[in-house]
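Participant: One line per chain: the protein sequences are X and Z, in this order.
For the first sequence, my numbering assigns the number 316 to the initial residue and increments by one for each residue that follows.
For the second sequence, my numbering assigns the number 316 to the initial residue and increments by one for each residue that follows.
Take the hints with a grain of salt, since some may be wrong.
Note that identical chains are pooled: a pair holds if it fits in a single copy or bridges any two copies.
Unchecked claim - In silico lysine to any residue, SDA-like type, Cα no more than 25 Å apart, as pairs: (1) LYS374 with ALA742; (2) LYS538 with ALA515; (3) LYS768 with ALA433; (4) LYS805 with ARG451; (5) LYS374 with ASP321; (6) LYS426 with ARG400; (7) LYS768 with ALA356; (8) LYS797 with GLU658; (9) LYS374 with ALA515; (10) LYS432 with ASP584; (11) LYS805 with LEU793; (12) LYS501 with ILE803; (13) LYS768 with GLU357; (14) LYS768 with GLY350; (15) LYS768 with PRO504; (16) LYS768 with MET347; (17) LYS426 with HIS541; (18) LYS768 with ASN706; (19) LYS768 with ARG349; (20) LYS799 with HIS541.
No lab work stands behind these hints: they were computed from the structure.
Here are the chains, one letter per residue:
Protein chains: 2
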Amino acid sequence: MPAFDDLLAFDHTTQALGQVAGRLGWDQETVMPRGAADQRAEEMAAMESVLHARRTDPKVGDWLAGIDPATLNEVEAAKLREIKRSYDRANRVPADLAAQIARVTSTAQGKWAEARKADDYAAFSPVLAEVVSLKREEGAALAGGGDIYDAMLDDYEPGTTGADLEAMFGALRPALTNLRAAILDKPAPQGLTGSFDEAAQLRLSATLAQRFGYDLGHGRIDKAVHPFSSGSGRDVRITTRTNPDDPFNCFYSTIHEVGHACYEQNIDDAYLLSPLGRGVSMGVHESQSRIYENQLGRSRAFTGWLYGQMRDAFGDFGIDSEDAFYAAVNRVSNGYIRTEADEVQYNLHVLLRFDLERALMSGDLGVPDLEAAWNDRFEADFGYAVDRPSNGVLQDVHWSVGLFGYFPTYSLGNVYAGCLYEALRGAVPDLDAQLAKGDTTSATGWLRDNLQKHGSLYQPREIIERASGSAPGPEPLLAYLKDKFSGIYKL
Amino acid sequence: MPAFDDLLAFDHTTQALGQVAGRLGWDQETVMPRGAADQRAEEMAAMESVLHARRTDPKVGDWLAGIDPATLNEVEAAKLREIKRSYDRANRVPADLAAQIARVTSTAQGKWAEARKADDYAAFSPVLAEVVSLKREEGAALAGGGDIYDAMLDDYEPGTTGADLEAMFGALRPALTNLRAAILDKPAPQGLTGSFDEAAQLRLSATLAQRFGYDLGHGRIDKAVHPFSSGSGRDVRITTRTNPDDPFNCFYSTIHEVGHACYEQNIDDAYLLSPLGRGVSMGVHESQSRIYENQLGRSRAFTGWLYGQMRDAFGDFGIDSEDAFYAAVNRVSNGYIRTEADEVQYNLHVLLRFDLERALMSGDLGVPDLEAAWNDRFEADFGYAVDRPSNGVLQDVHWSVGLFGYFPTYSLGNVYAGCLYEALRGAVPDLDAQLAKGDTTSATGWLRDNLQKHGSLYQPREIIERASGSAPGPEPLLAYLKDKFSGIYKL
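Full structure from sequences and hints, please.
Facilitator: Written as structure tokens, this is what we have:
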């Protein structure tokens, strides 16, 4: 079918340009000269304008109209679905509104950074109100009469609605607050002592990356302020960071990003630079980073192996057994900050944001009341008060840059990771014996073959169901957490 | 004038995209994972297709037709000239021919590398014949009835013809062969002994870059197989290389690339991402790299300072005086390879290529006869025979990738550097006293203010004439070389 072939050829170039734009982002965070920021903004804007013109090109609409879906096989139909989704979305948002959002969020991000530094929510509230108003307008344009928040969520997690998440998270919240309270009633495990050479951290971090299957022939590891994974296909790069007092930050950031990167590296060669050649959603992506980091990387078995590696690299650091090391890796303690939270409390931070941002989008919560609503909810779930806005409502950049519908994909990823882990344990009965030798081959191979290789062929819930054998729900994650932390804390 | 404003806005985005494509090239040579080459080729092709579409966009033609040049000031007229030149050129070459050249040169580059390894010109000759035939076709399309070689030259050196170069180079050749013969009759100066720590080379190389005014806030230095400079404006990166036996390779490659990079960094802020925001031609660019490297960097005064730096960095390396060090830096010896040649012999290598490639383009020389023609000419100028094709006709990549008209800009750059250096000495009477302290501020400041800051505002010959005070010719370069090498070799 000529229309379909032409559409795919056009999209191939668009995908390649998208990779180039992504590489510019990597460059900016790792190697760009500090004085190049202004010029880089112009270069990024130029790439964005080219990409936007291609995504909304009327030729794409003509090709789409000329294709008979009944003639397509499964792979072709999935390609068509992804292209159509991108085209429809890009065309639903008026260009003026998109430009206004770009301008206002650029200002808002700067104001957010200043307000966070000054611990002053009132200084940020007016510009956030502008962002919220514009995003609601965008959401309405996308929703075409439907639910605004669902339309935004669809950008990050196609096929999942706010109501789906509400049901899932509603089951998580009481179970997690109860588990948290039970754990914090017990004595805290021992922490690490001493200082950890940063070059040695980076060496062990590279070993970990390779142990988890990251292919350095198609990637690289650099240092950056915030760890991230970037790119698809044959060039998937990750970053990490070091803190001399806290080697776990480096090691588990690395394993987390390796989870993201392996998903991209392991997609079927046949989908390279096609609409299927990327991870299918934020939630499924996060399921890979989380299962690598937590269910595998923080397991009793794997931490036993890691303990030996760390003793070799750093000598004595005040922990004298594998069990004590396992407890230190999985230590639960009070804290305000989402990105520093442990497996038990992390989702409580996310659930809070999900409820608040959904209320902002529906109009049930006004921006001026957001700080108080945050603080009330935090105290209800965590049992103590937020001490200052930078430890509360101002801690995350997301809302300032207009990301609404993004936060819940973090917890959805954890839920998906729980489902996948349950199935993985069934498929690899001697998993612990392998992990205890630092060998993740069977585990990561199972994830590659059952999930990663498919890229965007299947929709998010569909791929989780295919891989795990049943419809995704929060029970496996909860069972895993209860079992794991009951063991560590002797609950 | 709306047409002019629209044209400039459109061109601004094109310039920004050009910078992005250039950065991809930098990435490929420095940090790209080795397995990413195939995907990168797709990404580069996507960028090229976008850039080509913009350069040939009929809107540009409409805008150009709607502008009355009489209403423009000097800067505006120069911008119009540059845009028009690019538009006319891009539109003169049929898209099919451009695509065919891209395909054939891609194959030819691979065949050249194999043939060079196998020392077998006959294995390369057939594909080179294809390249030559296609480039002649392209040249004819560009020339529109005029001289094919002049049309190609115009790509790299607007306003200079083959006849101009023939006259200039005709004066150089006998003078250089005579100077070379006189030098090689004398005893060779002492060379360096010992091994030079590569990390220490890179440290001193960074010091040299900063001594010559390279701004690391808007650039960076990495290692690469071939040194190069990349980018314009606020992000101009260079690469260098190290050889434990030959620190001069690292130091003078660095200074050379710093000359290119400073030209780009020092262009007037007002021209950023405009058609004037780049060096105006290959020849003028090479004049900057060469005057930094040779007239300044290899001067008796500056090498005196460098000798002290090298003693501090490396201890004893078998040279016991500044004079002996100066002679070692400027040592002239027999050799086959252009890129390894000294100041005296370098241009003889280039002149040979200029005459041969001009004959290939005119049809006076057939590709099967190229090897014999090369070898005859080499023996005539250098006095000994080429021992194998990899030391002769197969040594450079240029022709395999279709670069005809490029080689002579190397020597033109040396000629221009000679003119500029004569004027610079007049303008900075105590130049040697400054260079002897490792201080290039006055010299590089003079080049910045008289040449570099103008970017592409003036045409190549015009900017050299403005800066040096007279029409460019080979005499200053010859006088400089005779004076310098008569001193070193006591001719």
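Participant: What are the numbers of the hints that this structure violates, sorted from low to high?
Facilitator: Per hint list: 1, 3, 4, 6, 9, 10, 15, 18 and 20 violated.
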